[in-house]
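Given the coordinates of chain P, work out where chains A and C should sit on it, guided by the hints.
Residue numbers (the working numbering), protein chains in the order written: chain P, 1 to 422; chain A, 1001 to 1199; chain C, 2001 to 2178.
Treat the hints as calculated values from the structure; they're not laboratory data.
Glycine is no exception: its CB is placed at the ideal position from the N, C-alpha and C atoms.
Warning: the hint list may mix true and false statements.
Selected chain C positions facing chain A (in silico; Cβ < 10 Å) [said to hold, decoys possible]: (1) Lys2157; (2) Gly2163; (3) Phe2170.
Pair by pair, the computed Cβ-Cβ distance ranges are [what the hints assert, rightly or not]: (4) C/Asn2031 with A/Leu1103: 40 to 48 Å; (5) A/Arg1162 with P/Gln77: 33 to 41 Å; (6) C/Pro2042 with P/Pro351: 22 to 30 Å; (7) P/Asn306 with C/Ser2017: 51 to 59 Å; (8) C/Asp2158 with P/Asp260: 44 to 52 Å; (9) C/Gln2006 with P/Phe143: 52 to 60 Å; (10) C/Glu2028 with P/Gly141: 53 to 61 Å; (11) C/Pro2043 with P/Pro351: 27 to 35 Å.
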Amino acid sequence: MTTVPETARQTGPATYVSEAPGSDVWVLNLGPQHPATHTTLRHVLELDGERILSCTVHIGYLHSGFEKLGEHLNYNQYVVVTDRMNYVSPMANNIAWHHACEKLFDIEITPRCKVIRTIIAELSRIQDHLLSTGCTGLDLGAFTAFMYPFNAREGIYDLFEEVCGHRFTTSYTRVGGLMRDITADWPAKVRRYIQEDLPPAIDDLERLLTRNRIFVERTKGIGYVSHDDAINWGLTGPLARASGVRRDLRKDEPYLCYEDNWDGNGSSGVDFKVPIARSGDCYARYQIRIAEMRESAKMVLQLVDNIPEGSVNVLPDDKKTLPDKDEIHFSIEGLIHHFEQIMTNRGFTPPIGEVYGSNETANGELGFYLVSDGGKNPYRARCRPPSLINYQCFAELVVGHQISDVIPVLGSMNIIAGELDR
Amino acid sequence: MGLGIAGASFQASKEDFLTTRLDYVVDVIRKHGVNWTRKNSLWPFPFATACCGIELMATGASRYDIARFGAEAMRFTPRQCDLVICAGRVAIKMLPVLQRLYLQMAEPKWVISMGACASTGGVFDTYAVVQGIDQFLPVDVYVPGCPPRPETLLEGVMAIQRIVENDGVRSSEERGRGMRLAVQPTVRVGLGEREESKS
Amino acid sequence: MSKATQAIVDLLADEFSDIEFAPAPLVECKNKEREQLCVRVPPDRLLEVMRFLHDDERCCFGQLSDLTCVDYLDFPNARDRFGVTYTLVSITLGHRLWVKCFVNDPDPEVPSVTCVWKGADWPEREVYDLFGIRFTGHPDLRRIMTWEGFEAHPLRKDYPLHGRGEREDFKVVTREDA
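With the rest of the complex left out, here is chain P (with noise of 0.2 Å):
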């Protein structure tokens, strides 16, 4: 191994290029545009051979000013766009965001909303992990590590068409409720599917790759994070579970049918592990990925079944929801009331403050920071990505792997574009 002089690190902000005489210092850029970069991030790698001495990472090539239309949009508006962060789990992005829309207006939402936005939101963490382990797959090369949890994943994308009408950016909650409530045979469509036809999807895929000697040896030892680095990095999710850290807001915080007590009535949260692994490597976050998923059917089955009776939005009384489409169409009340949401000089009447209201997404943690200044729009809207936060490590984490490592570490890390460059 040779000697890295010293001057052949980054130096700064935009000099990436080694001054040192006689050093064999090679620069490569890896991206924006590249198969195993996940749409729009771009490295600059100093290489000395194979070995990676540097990595300056740009991200931003997505950036779409989400933020600055959440000024512009109202509190049921915005969701369309939340949508669009996480997109590979839609869903989650949806009820995260209504999660601290609620708590800005202080509404607790009724159980039978709690419930099925509960079965929803761990449908998205199975839905992401899915294309995550398939991705990373792809960009190994197992091609068909890619198309099986695909074809799984089209089972999840039928059951949010039935639930909301599209398959993929599905809009579905609202203050204090959804759109509208599921169909009487979904909890049998999704019990099916989470018994029959998820279970060998995952095991296919675990046998592709979890003993495939190619697999195992690209990801394992690579792209370590210790337990204090990743709490000190503030990463959050499959990623600091696989270092250790012992952090999941569905126990810590809990919310939705996670906490005990959720109906009112004393009922026990979903009874679920959290997987923890400790070698802290892509190998590690890959398996933490496949037991969560299994842990999410075994939560889907437990509440699928059990899904209580009740209207899925908070009373109209309250005056802070839509009514139901019926009563708008036939009745003189729902039209008024329809109306008195939607009219400019009325809808949401927040009280003037600030929120920050959080879920464990299959990312990590995926937070929206609230700032309500009593007007129908936010006054801000801050997304906290998991992604973002994320990200950041990634420089130290490749620095002396070799190049063709970057390419598991990225794909252990799931970082989606949307929600990073928002």
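For chains A and C alone, kept in the frame of chain P given last:
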């Protein structure tokens, strides 16, 4: 233009006859040979930036198989592709990258603008998103949707196939010169009267 | 506010008796236990307070969950313009605290907390990019989201949503160029 059926749109004179028939043959080869192979093996360049990228991947996956259309070879290098599928919103920072990649592709090339954001800016009427890549790049087919269902994208690919079939390799009249294969005959061979002339 | 966070407020008041922390919930709630506590820190004392919150084992705020900024230009009854907001999380003790540091134009400057939490790196760059607040002591303060050559700070309230023509300012590539 198009399929030059001999004598269809003009009075064929005896001197033109041989050239026209050869052009007709060449056009048949063009449409049913060259363009047919081109349209059935389009290699897409998935310029997937955002959510539409996931639907593009779903189109390539097993349920909505894009391989039925011969287009499953999604190469990520522009040098090997002929169809840019711009899937997702294009931010200002990304547009020069897209333009440079488009210029790096070899002719013939076509562009699908997939989704509302690539076509018009979509939901994102903000300071950072280009309101439609067609302002800065020639686009052939717009696929609407946010994101478009995979079936819609496949409809877009089929529209590109129709374009390729008719215009992929343009006919000789359109290109303003005859195919080099059409040889000017020294001896006129015609049906009916013969006229000897010196070339 | 909950007892745990009240204890932290008292701790801070004891340690830094000269700073007016003005602890208050972010928004009033019916359930007082769920209120989220926020304290104000002046920019010149920020680094000390943050180091204390990170190092002291009674608070133990090992993780910086979020770093953002709010432009209070149009907010009713706002005294200062920019409020840089830090969301601190204690993983071992399980509580959260919000810290706000207010600065104003011209040349708003706040000390960088990257020496305390490495995870403040990119959020600070983002705040610099989108709001224009400089973080002194940051190892690499440059734009992260917007493109090179862009000079405005888009998330400020005086910058319009549609921009100032930057999104139309490109060379057009036609079929003939290709």
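For each hint, the structure was consulted:
1. Lys2157: 13 Å, violated
2. Gly2163: 3 Å, holds
3. Phe2170: Where the cut-off is 10 Å and the nearest Cβ of chain A is about 5 Å from C/Phe2170, the hint holds.
4. C/Asn2031 with A/Leu1103: 40 to 48 Å: 60 Å, violated
5. A/Arg1162 with P/Gln77: 33 to 41 Å: 38 Å, holds
6. C/Pro2042 with P/Pro351: 22 to 30 Å: Distance hint for C/Pro2042, P/Pro351 holds at roughly 27 Å.
7. P/Asn306 with C/Ser2017: 51 to 59 Å: The hinted range 51 to 59 Å holds for P/Asn306 and C/Ser2017, with Cβ atoms some 54 Å apart.
8. C/Asp2158 with P/Asp260: 44 to 52 Å: With a Cβ separation near 48 Å, C/Asp2158 and P/Asp260 satisfy 44 to 52 Å, so the hint holds.
9. C/Gln2006 with P/Phe143: 52 to 60 Å: 56 Å, holds
10. C/Glu2028 with P/Gly141: 53 to 61 Å: The hint (53 to 61 Å, Cβ to Cβ) holds, given that C/Glu2028 and P/Gly141 are roughly 56 Å apart.
11. C/Pro2043 with P/Pro351: 27 to 35 Å: 28 Å, holds
The earlier numbered hints that this structure contradicts are 1 and 4.
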